[in-house]
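Engineer: Residue numbers (the working numbering), protein chains in the order written: chain A, 1 to 388; chain B, 1001 to 1085.
Rather than coming from a laboratory, the hints here were simulated on the basis of the structure.
Just so you know, these numbers come straight off a predicted model, no measurement behind them.
Note that beta-carbon positions come from the ideal geometry of N, C-alpha and C, so glycine has one too.
Where hints are given, some of them may not hold.
Here are the simulated distance ranges between beta carbons [unchecked claim]:
hint : chain 1 : residue 1 : chain 2 : residue 2 : range
1    : A       : I308      : B       : R1061     : 43 to 51 Å
2    : A       : R259      : B       : S1072     : 39 to 47 Å
3    : B       : V1036     : A       : K107      : 35 to 43 Å
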Amino acid sequence: SCDFAPSGSFSPFRRLPLPAKRKYMRSPLSPEMATQEVPLNETLAHLKTESETLKLKLEEERAKLHDVELHQVAEKVEGLGQFVMKTRRTLKGHGNKVLCMDWCKDKRRIVSSSQDGKVIVWDAFTTNKEHAVTMPCTWVMACAYAPSGCAVACGGLDNKCSVYPLSLDKNENLAAKKKSVAMHTNYLSACSFTNSDMQILTSSGDGTCALWDVESGQLLQSFHGHAADVLCLDLAPSETGNTFVSGGCDKKANVWDMRSGQCIQSFETHESDINSVRYYPSGDAFASGSDDATCRLYDLRADREVAIYSKESIIFGVSSVDFSLSGRLLFGGYNDYTINVWDVLKGTRVSILFGHENRVSTLRVSPDGTAFCTGSWDHTLRVWILMC
Amino acid sequence: MSVLPFSAVLSSRMSTKAPSSNSVAHARRIVQQLKVEAGFERIKVSKASADLMTYCTENARSDPLLMGIQASDNPFKDKKPCTIL
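Isolated chain B, as found in the complex:
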């Protein structure tokens, strides 16, 4: 694995170790990451879905692309910009 050329700003984070210890370090990071993710507290899809639905219905009325708004409130509704003669 070649080491990418790096800018001075990123240099403190780049490793130049030999390939074998890189693989072990890399694998260890993956295991660590998975342990973090495994410990996550999840909720049921039924509950999560209900909450998504609640948010939608509570905000539906004020969603202009869903319900539409008065032409007077929508600056894009006039076909041409007004010109004052």
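Looking at chain A on its own, in the form it has when it is part of the complex:
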């Protein structure tokens, strides 16, 4: 397997050894076209002109409503003071890069997955390992906790998403009960249960997202529209309906209707791969983190980007983002080993956190907002809280 020697100094041009995030054109999927007659005026050139016109119209419409900047409106809000956040738990046990983590709804358990093929369930209060599974592949890029807390899902270079029921019996071999649910034609980049243990949403290097029935493994809906690998996804808070957002190597963030499979909104302002997307707690907006070293906020009702979180001194990609409970803070895990904490409304950085000894690859705030957890290529996970 590919490895590169971790160095003590920053190397801005370090590349991911595996897997390669490839940009490619997929063959379009439209079986329904086989039965339609092609109208006379629909030559390729005509369609291209029409799409250019529509794009311009979209930009015009969006611009008309761009009457003010978010940070200007936020001038009347009180500024945030000094923030001191510290690591309160360090979870050690992975033998290689931590790639993904997720919180259990009980606010204390965490599932994490690693390049070495291991998936571990931790009690973050005690730092004890409760379960460990060895996957048949390396680079387990995605993992998720089931809402019930009774199962975890994971996958990566095996192109699948598998569900493991968690047994109360610590001696039981979890791998024996494994259920293969999703099958993609390229690596699994992210997975998430919907609001029950019965359905899983996945994103893949094959350029698609998909919704699966866990019990039968049946594909319920697929989502086509990204022009390259899809790297991340996030489900809208349940109150706001059946939508989710995905981000990809095509620099686009797409919002999807889960029932119809339709892409309802699309945003293309990042200058590089989008590694992470996360809904604002009200569901009216979402944040993204990208290899272009910026985080951005997109408002869904204004249908545009409303904030960029960046500094000239920050030149490394963002791997992972999440909001605090009120949505006022945005946490970003970066490839330069740091976490930057942003004032979402004012657009300024309120804190920079050090601790990890390699890239921060994954970051999630706990379900009750008391802490956030980061996973890193330094093989560890850290749980952080606000010191006050």
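For chain A, the structure is supplied; the task is to place chain B on it using the hints.
Structural biologist: Only chain B this time, still in chain A's reference frame:
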């Protein structure tokens, strides 16, 4: 454009048409998609921003990473897990 090998589950969605009709179909899908997006009902950024701000301020007090909470309510605040001797 080569057709990717596909699993049985995805096979009903994959097309094996000749490249030229694929390009037209692809372009038509893009136009369709843009028409959907163009028809979206948008609100002004000022209104959207005001609503984001309202949400933040209404929920600020109950945001532990923003305001902090009592050590007794935060299970992560103790440095070491308690052991009963």
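Engineer: Of the numbered hints stated previously, which ones are contradicted by the structure, given in increasing order?
Structural biologist: As far as the earlier hints go, only 1 is violated by this structure.
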